[in-house]
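Q: Residue numbers (this note's numbering), protein chains in the order written: chain A, 1 to 165; chain X, 1001 to 1378.
Hints may be right or wrong, so weigh each one.
Below 20 angstroms or equal to it, Euclidean Cα-Cα: the simulated DMTMM-like pairs (lysine to aspartate or glutamate) are [what the hints assert, rightly or not]:
{"#": "1", "chain 1": "X", "residue 1": "K1363", "chain 2": "A", "residue 2": "E69"}
{"#": "2", "chain 1": "X", "residue 1": "K1337", "chain 2": "A", "residue 2": "D101"}
{"#": "3", "chain 1": "X", "residue 1": "K1058", "chain 2": "A", "residue 2": "D101"}
{"#": "4", "chain 1": "A", "residue 1": "K161", "chain 2": "X", "residue 2": "E1172"}
{"#": "5", "chain 1": "X", "residue 1": "K1057", "chain 2": "X", "residue 2": "E1172"}
{"#": "6", "chain 1": "X", "residue 1": "K1030", "chain 2": "A", "residue 2": "E74"}
Since the hints were made in silico from the structure, they are not lab data. Only a predicted model underlies this, so the values are computations on that prediction, with no experimental measurement involved.
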Amino acid sequence: MDKTDNEQKAEMNEDNDVVEELLKFFLENRDLSLQFLDLLKSLKDSGAIEDIAALARAVMPSSSALVKEIGSSEEIISSISRFGNLVPSILYAASMENSSDTIKAILYNSDSILKSMVSGAKNPEQFSLFKLLALLKDKEFTKGLTAMVNLITALGKALAKVPGD
Amino acid sequence: MVVTKNIVVVGDGAAGIMTANKLRYLNSEKDARVTLIGNNVKNFCRSDGPQIALRMKKFTESVKPVNFLLNNGVDFVRDEVTQVRPKNRLLYLKSGKKYDYDYLVLAPGLADAPEKLAGYEGEAKHILDMQHALELGKTLENLTEGTVIVATNGASAPNLMGFFELALVYTEQLANIKSKIQVKFVSPDKGAFPIQELSAFFAEKFKSADIELLTDFKVTSINQKNKEIVSAENKTLNYDVLVLPPPLNTRDFLANDDLLGNAGSKNINKSRLTVKDYDDVYISGDAFDFLAEELSGSFVTQSRFISHRISSDINSSFDYQQYTGSVTLSAMTGLSKGITVSYTYEKRPKAPAESTADFRFKKHYSDFYFSSLLRGII
């Protein structure tokens, strides 16, 4: 059904009210508005806005109703909230003086660790009791083995704290 | 030679857990041993009380075992403190054990004291622990008509904002089902809320939600037989369901003359959170808020301040600062809106603006509380 003249006028007045409110807000927060415009300009100059728009076109569903439904679903908000709260535990682990160094030591040597693991998996060896005993005399092997045993013990202690049903 | 400092945190509620975890984070095990003493099995996210009572949340999301919430390296002693001797830096426990300390953080919470208000026990409901929140939920579910009075009885009640949240959200739930139940809000203050800036906001919200607001009414007794609350001026008000925070007391061991004695709040330094002249004894959480007798409660900023102060002494890693009484509170104001307000001892809060984001934040607060706040990373 077509809108009557009065309805159209009422809508236009409502729009004008919103624009007036917006202008008032911008004028009252002049400094903030200018900073925001500067930010927008630098994003545009760097091409970031086009990239974001292209990304949105590529990955977002075209139906705005669907986007709204997905975006406001209780499950997705709850999942985002839970994910957001995982970040501190990752930060915690990475920022402790010792664990940070440990993580770095592992990551900076991850290439050699990965290569030796892959090579071991591709060329499996038969370990006789004598070979194992000989390996236990190897300092690096015992260090790694102790580290793994300690890791499993620590994991056991931590997992025992996780509340079950 | 490095001397390992002995830090003992008393109380395994929110303030105690967060302080212990944060102290562990800020100090190496060589520098400090952190021991937490308490006898709670689980920790309840108290802020979820209204949502539990109003069946808006699975209650299992609002509670976690204390043991699970402690970070690696915090020694947990399940026991109860019976006596503190600050001059000798000694703690005595119920089990007969004693502990010495270099730094002591007292976060023992408060003890229910229903005997302080005649008629309270077995009659009034509240939302400050899981069991009572669930009980209130059951009572409200079974109510088909009548009057629900939500009352507060002083600014020092823990989770005071929760009682406002309960009244507003419950009323909106009732409006949606066109219920005949009437909600009344009773405040002991001149306005709806003890803080003037928020008082006008809540008065307006109550008005638009059709909640009758009665001010200047401090509940001095409850007549269970007549189902009425009685004020200091002998005014009475009838109810079918009464929601009122329980009367509370500080823990007995704090009343020791060496600690707070009878002077209570006078023996607390509000800008250092220390007790008497001891610079190695701190107090935080509900016990501090109760004694400060103002709305200054934020276990988050208190725990942060205390752990930074102690760590600063141990490894000079932080600037020397004073506690500003910084508080941030969030509450739902209905089924889709909420508010967040911040203030300090000096800076008054602004009149809050409602938003959906604040509602969402409050709805998912317990995850933030367990995953980030209590872990001491914020």
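Q: Now tell me, hint by hint, if it's right for this structure.
A: Taking the hints in turn, this is what the structure says about them:
1. The suggested pairing of X:K1363 with A:E69 holds, with an alpha-carbon distance near 18 angstroms, which does not exceed 20 angstroms.
2. This hinted pair does not check out: X:K1337 and A:D101 have alpha carbons roughly 45 angstroms apart, beyond 20 angstroms.
3. Restraint check: the Cα-Cα separation between X:K1058 and A:D101 comes to about 40 angstroms, which exceeds 20 angstroms; the hinted pair is violated.
4. A hinted pair counts as satisfied when its Cα atoms are at most 20 angstroms apart, and A:K161 with X:E1172 does not qualify at roughly 40 angstroms.
5. In summary, the hint linking X:K1057 to X:E1172 is supported, as the alpha carbons are separated by about 16 angstroms, within the 20 angstroms threshold.
6. Our distance criterion of 20 angstroms between C-alpha atoms is broken by X:K1030 and A:E74, whose separation comes to about 45 angstroms.
In the structure shown, a violation is registered for the earlier hints numbered 2, 3, 4, 6, in ascending order.
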